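Peer 1: If you read the protein sequences in the order shown, they are chains W and L. Note that my numbering gives residue 12 to position 12 of the first sequence, counting from 1, and the numbers run on in steps of one. Note that my numbering gives residue 95 to position 95 of the second sequence, counting from 1, and the numbers run on in steps of one.
Just so you know, these hints were derived from the structure itself, not from any lab. Since we're looking at a predicted model, the values are computed, not measured. Where hints are given, some of them may not hold.
The list cannot tell twin chains apart, which means a pair is met if one copy fits it or any two copies do.
Said to hold, decoys possible - With a Cα cut of at most 27 Å, we get these calculated BS3-like pairs of lysine-lysine:
{"no.": "1", "residue 1": "Lys128", "residue 2": "Lys275"}
{"no.": "2", "residue 1": "Lys95", "residue 2": "Lys35"}
{"no.": "3", "residue 1": "Lys15", "residue 2": "Lys93"}
{"no.": "4", "residue 1": "Lys37", "residue 2": "Lys128"}
{"no.": "5", "residue 1": "Lys10", "residue 2": "Lys202"}
{"no.": "6", "residue 1": "Lys35", "residue 2": "Lys128"}
There are 2 protein chains.
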Amino acid sequence: MEHIADRLVKSIKDKKSPIVIGLDPVYENLPTCIKSKYSQDIDGAAQAFLEFGNAIIDAVCDIVPAIKPQSAFYELLGYRGVKAMEKSVAYAKSKGLIIIDDSKRGDIGNTSKAYAEAHIGSFAIDGKCIREADSEFMTVSPFLGLDGVQPFVEAAKRNNKGAFVLVRTSNPASALVQSALTEAGKTVSAELAEYVAEEASKNLGIMGYSSIGAVVGATYPAEAKAFREVMRQSFFLVPGYGAQGATAKDIVPFFNPDGLGALINASRSVIYAYKNTCSDDCSTDELKDVTRAAAEVMHDDIYGELRNSFKNLVY
Amino acid sequence: MEHIADRLVKSIKDKKSPIVIGLDPVYENLPTCIKSKYSQDIDGAAQAFLEFGNAIIDAVCDIVPAIKPQSAFYELLGYRGVKAMEKSVAYAKSKGLIIIDDSKRGDIGNTSKAYAEAHIGSFAIDGKCIREADSEFMTVSPFLGLDGVQPFVEAAKRNNKGAFVLVRTSNPASALVQSALTEAGKTVSAELAEYVAEEASKNLGIMGYSSIGAVVGATYPAEAKAFREVMRQSFFLVPGYGAQGATAKDIVPFFNPDGLGALINASRSVIYAYKNTCSDDCSTDELKDVTRAAAEVMHDDIYGELRNSFKNLVY
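Use the sequences and the hints to build the structure in full.
Peer 2: Here's what the structure looks like:
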């Protein structure tokens with residue numbers, strides 16, 4: 001079976017695009033053309049989330065290798081929202097996209113293992129699989145320590161899936177925990193980076209990359225080079241471009257010189273682009289066109305900057 | 001409306017019980033009397049989780065003030081598992097129990113806000129509430145920093161609900177992140193404790209306690225006194241008693257001298273007690289009896305120790 005890290009590398013090269021689009025459905029922000037089709041109740045909201053997500057997927061599926069549904073927004077609708085997310089994930093998979101389940105789960109022992117199998121694994125009765133998660137990657141929160149992260153890494157290896165461990169997040173107050181100094185005199189982020197590098201080295205595809213990666217926020221470009229040197233074989237999932245303020249220039253140091261090793265995420269700036277250019281009663285086709293155009297602008301911005309910066313870009 | 005912290009205090013006093021039972025449904029561990037009723041597929045597993053959870057709730061609802069469903073185990077069954085958890089929560093609520101949703105969510109900004117409203121809040125369209133979460137408390141992971149925790153605290157205040165922020169967890173490797181030193185020269189746990197204390201002081205019930213609390217593991221009794229001094233008005237949610245090794249003596253320093261301020265959790269040692277005493281084909285009534293007996297043993301152990309230790313116990 002093809003290693004999931006190889007599939008990710010190939011998809012980035014094929015589409016010439018190291019970009020992820022975040023699915024962050026917020027009811028108030030959905031266009032009227034979608035909301036007006038459904039009842040104003042919890043079932044109607046879940047249907048609207050699903051249709052909106054699928055429209056975004058249609059719009060970007062041949063421009064980007066991956067999408068990143070944000071579970072928080074789906075959970076807001078309870079189990080019906082979770083069901084809508086599962087359906088969107090299945091739809092994205094049918095369109096050839098790689099799915100990064102941005103659920104930032106984290107616990108210890110068997111609880112972490114259950115989260116991992118729930119999101120990037122499967123559930124079996126008497127050895128017979130009765131449910132399989134469609135997502136290929138998930139994000140993992142390491143607050144409880146490495147014994148809490150290890151079950152996610154093991155599930156990723158066991159299931160040919162992947163995990164992005166939160167190492168340095170893009171928000172202003174991330175330093176409190178992430179820049180604190182461990183017993184070894186390193187920052188928490190630095191220790192986590194070493195752990196990710198070690199686990200990545202044990203789980204490589206034939207193209208030299210691992211499916212054990214890190215979340216490293218684009219808002220800290222100064223630290224990117226150091227993280228890149230430690231985690232050479234890992235992909236970074238990089239939030240912070242677009243609505244959070246980072247530019248294409250800012251994200252260059254997150255990549256290896258081959259133009260691989262980073263996935264730049266944008267959510268609101270692409271999926272709600274329609275608000276800047278369309279009237280609220282735009283059609284679904286117009287929504288898709290505008291979303292696609294916004295994703296293309298992002299693509300050209302980032303791909304252009306990578307071509308300028310790296311002579312040995314492999315795509 | 002009664003402040004949720006006052007309701008918690010009253011319920012502890014009424015039941016003379018500062019105890020929480022964790023709902024950790026694991027299919028292999030469920031008794032045959034429940035599993036055999038349902039098909040061996042995902043719907044059947046979800047029904048078995050629900051029936052098992054409700055049996056536990058029946059068994060302990062007049063001995064303990066609260067239950068703590070662990071979302072990881074439910075998520076393993078996908079949206080059907082989430083639905084089963086929602087139904088168990090509603091059932092527990094109907095039995096007068098307070099519910100602590102142990103989902104350890106954590107993100108930033110609007111994403112944290114969505115998680116908070118999903119688990120201890122509501123979802124509205126045009127100002128009309130169309131879904132309300134039944135849980136009173138949730139656990140919150142602070143890896144991303146205090147700007148990521150604040151939306152949970154604000155939602156708790158807005159909705160008369162509560163949050164337990166992870167401050168010091170019970171697992172062996174928790175020190176890596178939680179004992180790291182911040183810029184101010186304090187441990188991450190100590191800084192989080194100060195934050196919790198500050199937010200608690202702004203959200204007090206008339207009985208002197210707050211619904212903004214902390215998760216502090218029973219496996220670190222030496223630190224309990226210091227945390228207790230900082231977070232006088234907060235409840236501690238204390239995992240680690242029972243299966244994880246902490247004894248009743250160990251958990252005394254987690255309480256204030258009034259016998260309040262801590263909720264001791266046990267999960268496996270109570271909900272799977274039937275495995276030690278029953279044959280696998282026990283009846284549901286036997287399951288309930290054994291579970292109830294295990295909860296009573298735990299209650300007597302802890303309540304006895306508190307009565308020995310505190311002259312001014314208020315219950």
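Peer 1: None of the hints should be skipped; say for each whether it holds.
Peer 2: Structure-based check of each hint:
Proximity of Lys128 and Lys275 under a CA criterion of 27 Å is satisfied inter-copy only: 24 Å between copies versus 47 Å inside one chain copy. Taking the closest pair of Cα atoms, Lys95 and Lys35 come within 27 Å of each other only inside a single copy of the chain (24 Å); across copies the shortest separation is 37 Å, beyond that limit. When the C-alpha separation of Lys15 and Lys93 is checked against a cutoff of 27 Å, the pair qualifies only within one copy, where the shortest distance is 16 Å, while the shortest distance between copies is 51 Å. Proximity of Lys37 to Lys128 under the C-alpha cut-off of 27 Å is restricted to the inter-copy arrangement: shortest distance 18 Å between copies versus 40 Å within a copy.
For the identical chains of this complex, Lys10 and Lys202 are intra-copy neighbours only, at 20 Å inside a copy versus 53 Å across copies, given an alpha-carbon limit of 27 Å. Taking the shortest alpha-carbon separations for Lys35 and Lys128, only the inter-copy value of 15 Å comes in at or below 27 Å, while the best intra-copy value is 40 Å.
The structure fails none of the hints (numbered hints given earlier).
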